[in-house]
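Asker: One-letter residues, chain by chain:
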Amino acid sequence: MLIYGLFATYYVMTVNLVYFSIMTFSFRQILTIFRRAAFSKYNTLSGSELVPPVSLLVPAFNEEITVIENVKCLLTLNYPAYEVIVINDGSKDNTLGVLRDEFELMPLPDPDIRQTIDCQPITAVYHNPKYPHLYVIDKPNGGKADSLNAGINLSHYPLISSIDADSLLEKDALIRMARMYMENPEETVAIGGDVRIANGCVIENGAVKEVSLPRKIWPMFQATEYLKAFLGGRIGWSSINGLIIVSGAFGLFRKDYVIAVGGYRGGYPGEDMNIIIKLHRYMLENKLKYRIAFCPEAVCWTQAPDTYRILSNQRKRWGRGNLKNMIENYDMAFNPKYKVMGLLTMPYNIIFEALNPYFKITGLLALIGYTLLDMTHWRVLAVFWLINFLSGYVLSIGALLLEELSFKRFNKLSDLCKLLMFSAFKFFGYAQLGGLWRIQGHIQFLRNNNSWGTMTRQSWQDKGEAAAKAAKPAKSA
Amino acid sequence: MMSNLTALHNQTERSGLYAGIEQRVRETAKEVNGVLFIYSEGGPSYVASQVRGILESEPGLQSEVWGGDEPGSVAVLLPGLTLDAVHYQGLRLKQQLQERISDYRPRMALASFSTQKEIMPQLLSQMEEKAKQNYSDDIYIFTKADLLLVKSRILIVEGDPAVREFLQIRLNMQGYETMMADNGITALDLITDWKPDLVLTELNLYGIDGLPYIHQIQQVSGGEMPKIVVLTEQRVEKTISLCFENGVDDYITKPFSPVELDARIRRCIQ
Amino acid sequence: MAGQHLGLAIAFIYVCLGLIGIGMLLLFYMKIRYLRIQRKTKEYLRKHQDYFLFLQAHLGDAEELPLPPGKLGDLERRVIQQRVTEWIEQFKGDLQQKLIALCYNAGFVREDLKLLDSLFYGRRIAAAYRLGGMRAAEAVPRLLEMLKHQKYSPLSIVLARSIAKSAEQEQQLRDMLIHLLRHGKPIHHLAADILMETRLDASRLLLQLLKEDHEDLVKVALAAMRGQEGLEEAPALGRFAFALDRRETTA
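Residue numbers (the working numbering), protein chains in the order written: chain A, 1082 to 1558; chain B, 511 to 780; chain C, 299 to 549.
Worth flagging that the hints you see were computed from the coordinates, not collected in a lab.
Keep in mind that the hints are not guaranteed to be accurate.
Interface residues of chain B toward chain C, partial, derived using beta-carbon atoms under 8 Å [stated by the list, open to error]:
no.	residue
1	A529
2	E574
3	H597
4	Q605
5	V673
6	M683
7	E687
8	K764
Pairs of lysine-lysine residues, derived as BS3-like cross-links and limited to a Cα-Cα distance of at most 25 Å, are as follows [claimed, not checked]:
no.	chain 1	residue 1	chain 2	residue 2
9	A	K1290	C	K329
10	B	K764	C	K390
11	C	K329	B	K764
12	A	K1493	C	K446
Ranges of calculated distance between the beta carbons of each label pair, as one might list FRET restraints [to be verified]:
no.	chain 1	residue 1	chain 2	residue 2	range
13	A	A1205	B	E734	34 to 40 Å
14	B	E551	C	L370	28 to 34 Å
15	C	N403	B	G563	24 to 30 Å
Glycine included, C-beta positions come from ideal geometry on N, C-alpha and C.
So that you can see chain A by itself, here it is in the shape it has in the complex:
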């Protein structure tokens, strides 16, 4: 028992050391990121004919309450040439109706749709010449991935960007990404944006006017979590080209490569991670030079789940999707052919992410058992827990430092204190819950291995509820 406990302790230390090394890569990058953001004027670029046009794909399922506001926000981005394609994924509510009324849309008699990727047949495409850059696709329900594929089939431009219907893009977000793309257009196949939590922020005219921390505890925990994952993790991973996920909430892709890998995979959640893994695989197998980049200065604000039920469902879904992706692509792990991806990212995600809760919980149980046998060994248990807590806290502080070195979006001293506090509280319950949810997600996966459609629809429903419940008060404030 002790031996296993010790093993778990070393495991925790290794996880955090690995994470720490990834974070040092982030630190190496952060000043460049700060400078490139501070010393670029986006306004000239945002009117330039030389910027590649982008198709924004916005899947919508039962979003009648929020969809108008979000589309309006997307129609006012600072970007020279782009189109917004909303895909109504067989909503059961009046999503299509409210869109048609608000923008006076009429069905296009002869929409030009290419069947480059398989998806549910498109019922109709709606358009209004007064809003030349807006298209609405209506199609039977097929899940988020299927909706994105339908959007790709209609899209007119060489770059596509997937955006969640319940998130809010900053006006400059897309042009910042495009600038990054233009710096290396041939090799860049995908760029991820930074996702931040909008709960608590003041929102006006479809833009975050005043940044503030969430007032409720669940979003607050997530705020610290997102900071750590995006600034501490993704900047570092992207600097060694080992990024495994571009958030589904906001990412930019080269359409030709997305089509080359067969588009998005339906049936399971985690299609955002899946597409990135497929892109890595495709580029490496074809020996093409490429990068999958992360652009932390391009910000997308999202309403985080603020109740236990919705949050736990979201995390279980992530756990489920994650496991599916790992099982599907286990062959990449430890395969030198796949370079950083095969030798670092995949092993890290399998051993240290997917299996993390099992090691931690069994380790804890083993040490508790050991202590129960002989109470004088409580110190070992304390050490295990302290290592868990302190090394995790170091990483949280590192993430806050990264934020402070670059974006400084939280303007009050009290915000800093609050972030520090919640980063610590996280280890008293929240982190453990996170592990539990992940395990529950894995169990769900193993049990419903072949229930495809229902699962996707379930996930959409969760999101619709989350948006309806969480978004309303804050967005109208």
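We have chain A; now place chains B and C onto it with these hints.
Answerer: Chains B and C alone, transformed into the frame defined by chain A:
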């Protein structure tokens, strides 16, 4: 009775002040003359002497200072100074007065007259009135535009505060009445309520922007459509031609030449 | 055996504690410093509002624009410089020229030129960015030198833009393009966008680039003329001529 008497007294004293300024102008025999009024309600009575001191500390500057009819009210004549020079002296005065007198918030108006003939009591009185009613913290620049009775209205719609402020100052000085909006929604409301003659607008705005915004302007303004001049970063050929097709009168891209902008606005309004 | 492991674990704990302490100190130091600068900046912006109004009112008629009366601190100067640069970026023609002259006369350009020699890379880049904002032609040879030694990164773009904004000779723009494109990345569109920031006669410049033997330079010129239509198509003469024509009228 009593109040009538004081009023009369005030008036004579004031016209005495204006006459004094007029006379001094003739004596110095400079064609161009700067005039500056400073006022602060119940302000300290020693302001005039402070002003004198500050102006005399600048070598080579000719000036004359009168204490007005109320304590805290001061008139300054700066012979030979053009508007920018008067304005600069105004800045200096304000800054130094504020350093010397605590909690001092002067209301100021200044002007430069290009001929002696222009300086007349009615005009000076109008100007002093402007100073007294200048409740903003800014220095008021009194120009010929203040004498216009009918002004064309221009709505400035611009997200960038630096450009917005610049356009407002420039257009005000040219005799237009202006209002400002920093987003598309407010702009549409103002077009409905205030009915401007011309809308000078950026295309990238919060709330609503681009072509839908132009359409909406047409819709809300009903029959009396304002002229629309677009001043924007947006340089994409197709957008420009779509704008012209949809009733935009002129399209100017940033960076812009303010002189050229003036000319284009004038052409549109006439 | 367990004791040995425990020792290691406890050492690990101490290291973590140390890092947490240092991190917290740094965090608070940085936050407080940043908030102070923010507050001061706001204060100065308010203090000089009269001066900013003065500048905007007399851009057209003043012979030479002065600095505000009184003594100015370092941050205060920086705040004014930033505001003036904002206008320089938005205007062209005489008024822009006057603001540029103000930056020279006030010593802003000289100060930033000096900063190009700084030991800190961050300061050099910041100075280069500001010099571009002030259209400081004097700085161009130095900036070209920096770009030449810069490894390709987003900051190469910052340098290149500064050069394009400030350059007063066509040769300098050409050198800028050569340095920028030497990394072999197909960034012709971005390079064209940078090039078009120039104050020089763009149509003449583009025609010259078209005659070059250097393939990349020709591509940049074509991109500048034809926007997003792609480089593979045969040059459409109509549009080609139209693009030139348009640049002439707007230049």
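Asker: Does each hint hold? Answer for all of them.
Answerer: Hint check results:
no.: 1; hint: A529; in the structure: violated (30 Å)
no.: 2; hint: E574; in the structure: violated (21 Å)
no.: 3; hint: H597; in the structure: holds (5 Å)
no.: 4; hint: Q605; in the structure: holds (6 Å)
no.: 5; hint: V673; in the structure: holds (6 Å)
no.: 6; hint: M683; in the structure: holds (6 Å)
no.: 7; hint: E687; in the structure: violated (17 Å)
no.: 8; hint: K764; in the structure: holds (6 Å)
no.: 9; hint: A:K1290 x C:K329; in the structure: holds (21 Å)
no.: 10; hint: B:K764 x C:K390; in the structure: holds (9 Å)
no.: 11; hint: C:K329 x B:K764; in the structure: violated (36 Å)
no.: 12; hint: A:K1493 x C:K446; in the structure: violated (41 Å)
no.: 13; hint: A:A1205 x B:E734: 34 to 40 Å; in the structure: holds (39 Å)
no.: 14; hint: B:E551 x C:L370: 28 to 34 Å; in the structure: holds (31 Å)
no.: 15; hint: C:N403 x B:G563: 24 to 30 Å; in the structure: holds (28 Å)
When held up to the earlier numbered hints, the structure conflicts with 1, 2, 7, 11 and 12 and fits the remainder.
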